[in-house]
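S.K.: The residues making up each chain are set out below.
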Amino acid sequence: MINNMELTSLTLKEALEGLENKKFSSVELVKSHISRIKKFNKKINAFVTICEEEALKQAREADKLIAKKAKNALLGIPIALKDNWVTKGVKSTAASKVLDNYVPQYDATAIVRLKAAGAIIIGKTNLDAWGHGSSGEHSDYGNTLNPWDYSRVTGGSSSGSGAAVSAGMALVGTGTDTGGSIRQPAAFCNVVGLKPTYGRVSRYGIIAMASSTDSIGHLTKTVWDSARVLSVTAGFDPMDATTGKNEVPDYEEILRGKISGLKIGIPKEYFGKGTDEIVADACHKALKVLEDLGCKLVNISLPHTKYAYPVYAVIQTSEVSSNLLRYDGVRYGNERKMFGDEAKRRIMMGTHSLSSGYADKYYHQSLKGRTLIIRDFMEAYKKVDVIACPVWPFLPFKFDERAIDPLKMYLSDVFTAPANVSGNPSLSVPAGFSRDKLPIGIQFMGPNYSEDLLYKVAYAYEQETKWYLEKPKLKE
Amino acid sequence: MKKKTLLSVENVEHIADLAKLTLTQDEQKKYKEQLRRIFDYIDQISKLKTKKVIETSHPTNITNIFREDKIDESKILTQEEALSNAVKKKNGYFVVKAIF
Chain A
4 MINNMELTSL TLKEALEGLE NKKFSSVELV KSHISRIKKF NKKINAFVTI CEEEALKQAR
64 EADKLIAKKA KNALLGIPIA LKDNWVTKGV KSTAASKVLD NYVPQYDATA IVRLKAAGAI
124 IIGKTNLDAW GHGSSGEHSD YGNTLNPWDY SRVTGGSSSG SGAAVSAGMA LVGTGTDTGG
184 SIRQPAAFCN VVGLKPTYGR VSRYGIIAMA SSTDSIGHLT KTVWDSARVL SVTAGFDPMD
244 ATTGKNEVPD YEEILRGKIS GLKIGIPKEY FGKGTDEIVA DACHKALKVL EDLGCKLVNI
304 SLPHTKYAYP VYAVIQTSEV SSNLLRYDGV RYGNERKMFG DEAKRRIMMG THSLSSGYAD
364 KYYHQSLKGR TLIIRDFMEA YKKVDVIACP VWPFLPFKFD ERAIDPLKMY LSDVFTAPAN
424 VSGNPSLSVP AGFSRDKLPI GIQFMGPNYS EDLLYKVAYA YEQETKWYLE KPKLKE
Chain B
86 MKKKTLLSVE NVEHIADLAK LTLTQDEQKK YKEQLRRIFD YIDQISKLKT KKVIETSHPT
146 NITNIFREDK IDESKILTQE EALSNAVKKK NGYFVVKAIF
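If you read the sequences in order, they're chains A and B. Going by the working numbering, the first residue of the first sequence is number 4, and it counts up by one from there. Going by the working numbering, the first residue of the second sequence is number 86, and it counts up by one from there.
One or more of the hints may lead you astray.
What the hints assert, rightly or not - Taking CB as the label site, the calculated pair distances span: (1) F185(B) <-> K45(A): 45 to 55 Å; (2) K173(B) <-> K45(A): 30 to 40 Å; (3) K175(B) <-> K45(A): 37 to 47 Å; (4) K401(A) <-> S93(B): 28 to 38 Å; (5) G277(A) <-> L91(B): 24 to 34 Å; (6) K100(A) <-> D125(B): 46 to 56 Å; (7) D125(B) <-> E473(A): 41 to 51 Å.
Simulated from the structure, these hints should not be mistaken for laboratory data. The beta-carbon is built from N, C-alpha and C at its ideal position, and this holds for glycine as well.
Extracted from the complex, chain A is given alone in its bound form (with noise of 0.2 Å):
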């Protein structure tokens, strides 16, 4: 019998085979994940609904499929659904408190594919109210402490997926990245995080923040437990007309292949003088170990790298504000008043954004903007395979040193905004520490419907440095 310290230490691979093996039950894995959470969620609040009773209950079905060899993608395995997420018959608040006491009727789209796929949901994660944020510190039930430094923000907005991964508290965390809110979280707190192409995984079900950049995607330890998850949320869904057709590839497979004479590009403009010196060494450093394995690497630039930010600004808040006022409190919900600081912000910057008068110079602007950064994006990668950039310019910071300045908040979003813009995948690896211990970030970005690659890239690459061996040291 393995006790539960190690069973929430297991890769997503690793209890796959271990139950396949016999080696514990899904109801020893959920508990001990269930029994960790109970220990430190208080502190970390990573968690805002726990699923106990019903995820015991599937995990006794799962044990029963198991002693017939099913073989499902995630048989019996315990995962935590970002809290915008719609789940039935299980209270999804979007950490608002509009919705404070909104229990939905249905499953979202990628929930009916991974229960289908054998995973048991345990509960709920925090998160930035609606999606609103780049460090976490904007959710209505209060702040996800970092795993790494309880006195630091875990990135945002998925917070509480950053940090149960991170923790051991779910082998994966779902998310949604809108503008950074998967490898934000995922570059803070040590663990992996995909932002898939625009249209790869439905987003219906999922609590809409800006429609024409929302990507849904998760948190996982490693690569290979990335892809996986991939393989089972990616695909066409009828409910969602932006999902591509486009065939979902062997990830698992493709991973292992031959990294050597592909090209990752360098962009400039992601390494100047606004980034951190010892993330840029770190990114450095990472990018000399996929040299060494092969890879040519070339320096380029995206020119408009600059508009990237300001252009996202505006057509996250126009959209924002469209999607939000559909809450009326009649339906469901509470009434508008409930909106919290940084909803009204939002909401206000795209109105304003949108309003006669002011349209042209913001909304269409932008829009026009977003032709020109994908042009960018469409001419590296004549010149490129993939590129590889750092996912924050700087170190997991310490709660309000950026939250007090909307602005300086704002524009944590700088490298990460650009592959929403584009639409383009983005897969956040870990990519070591500071001195101090707090983990950084690498984001590789490939052109749409290139995850495979992305995974093929970042597999090579955590081999090599197999960084999610390091675990935070937990206090109660």
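Assemble chain B onto chain A, guided by the hints.
M.R.: Just chain B, lined up with the frame of chain A:
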């Protein structure tokens, strides 16, 4: 000298009205100041050369997605389910505030 974004309290009231938000006077003042700073920063997009550039509203260029005009009964909520989250309901209807 750089032209600054001008936003009056009246502008802020107008925006809040369009957005169906009720703001306190303190909030009006705060957002006026914050929006001014944020749009000062955003104003740099006016330097983008976009005269002959088309707009992108959707990043993967999928167009004309149609479906059969058929009802999918598996996606229909019962009246009871549809009303399950309503704060006020009467005789199977949502109760709303009078418009006129």
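S.K.: Would you list, in rising numerical order, the hints stated earlier that this structure does not obey?
M.R.: Number 6 only.
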